[in-house]
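*Asks:* Following the hints, position chain U against chain V.
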Amino acid sequence: DSGVTQTPKHLITATGQRVTLRCSPRSGDLSVYWYQQSLDQGLQFLIHYYNGEERAKGNILERFSAQQFPDLHSELNLSSLELGDSALYFCASSVEIGIGYTFGSGTRLTVV
Amino acid sequence: ELKVEQNPLFLSMQEGKNYTIYCNYSTTSDRLYWYRQDPGKSLESLFVLLSNGAVKQEGRLMASLDTKARLSTLHITAAVHDLSATYFCAVDINNNNDMRFGAGTRLTVKP
Chain V
1 DSGVTQTPKH LITATGQRVT LRCSPRSGDL SVYWYQQSLD QGLQFLIHYY NGEERAKGNI
61 LERFSAQQFP DLHSELNLSS LELGDSALYF CASSVEIGIG YTFGSGTRLT VV
Chain U
1001 ELKVEQNPLF LSMQEGKNYT IYCNYSTTSD RLYWYRQDPG KSLESLFVLL SNGAVKQEGR
1061 LMASLDTKAR LSTLHITAAV HDLSATYFCA VDINNNNDMR FGAGTRLTVK P
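Chains V and U supply the protein sequences, listed in that same order. Residue numbering for the first sequence follows our numbering, beginning at 1 and increasing consecutively. Residue numbering for the second sequence follows our numbering, beginning at 1001 and increasing consecutively.
By construction, these hints were calculated from the structure, which means they are not laboratory data. We put the beta carbon where it would ideally sit given N, CA and C, even for glycine. Where hints are given, some of them may not hold.
Over the 10 Å line for every Cβ pair with chain U, so calculated as not near, a few chain V residues [unchecked claim]: (1) I12; (2) S24; (3) S27; (4) G28; (5) L43; (6) E75; (7) V111.
These stretches of chain V come out as covered by chain U in the derived footprint (C-beta under 8 Å, 3 or more residues) [to be verified]: (8) 44 to 58; (9) 99 to 109.
Cut-off 27 Å, straight-line C-alpha distance, at most; resulting in silico cross-link-like pairs (DSSO-like, lysine-lysine) [unchecked claim]: (10) U:K1017 x U:K1041; (11) U:K1110 x U:K1041; (12) V:K9 x U:K1041; (13) U:K1056 x U:K1017; (14) U:K1041 x U:K1068; (15) U:K1041 x V:K57; (16) U:K1017 x U:K1110; (17) U:K1003 x V:K57; (18) U:K1068 x U:K1003.
The shape of chain V in the complex, shown without the other chains (with noise of 0.2 Å):
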């Protein structure tokens, strides 16, 4: 267990619909990434939440959002889903530059 959490494990919804991703990081981890994962796309870099704030954002579609909240605990929304945006979701957390990610077991999201 790398003290992240993140649920559900596995979710399977139809094009159109709507789903939220929960994350939440390692205990005094004041910062969450999310990242998808897909075979043809790799490994995208989604957005970085530090203590509530917005940090960065990659490369997420607007049909996607996210926030932290005061727990720091991380929500990914996705909406009005295609069957593009299969793939793995993962969320990572750290507390300080330079010691690296601690990835969460990411959840599987299949849009049927």
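*Replies:* For chain U alone, coordinates are given in the frame of chain V:
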């Protein structure tokens, strides 16, 4: 545009052999990380390289960083089957913990 390029992308090795995976990147950065991912699993941190010339070793794996050449290497010595996995390098852009990952090298070690 930032590029993080790994090669090879696929590597099939015999047990006992040595090989090197390369990670080239196009931005200025003093921090580079290596991760391992087993199929269907999460990413596990292997090495943290924080300065030019940094070298880290763990078991049969050794990683190095040349920031002037913008190159990191992951050297595998006397490969064993348990090393079969996908290996990613990640560059800390702007030195603020925002990482960009390479495409990964899928390593298969055959008996």
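*Asks:* Broken hints, numbered, in rising order?
*Replies:* Hints 5 and 14 not satisfied by this model.
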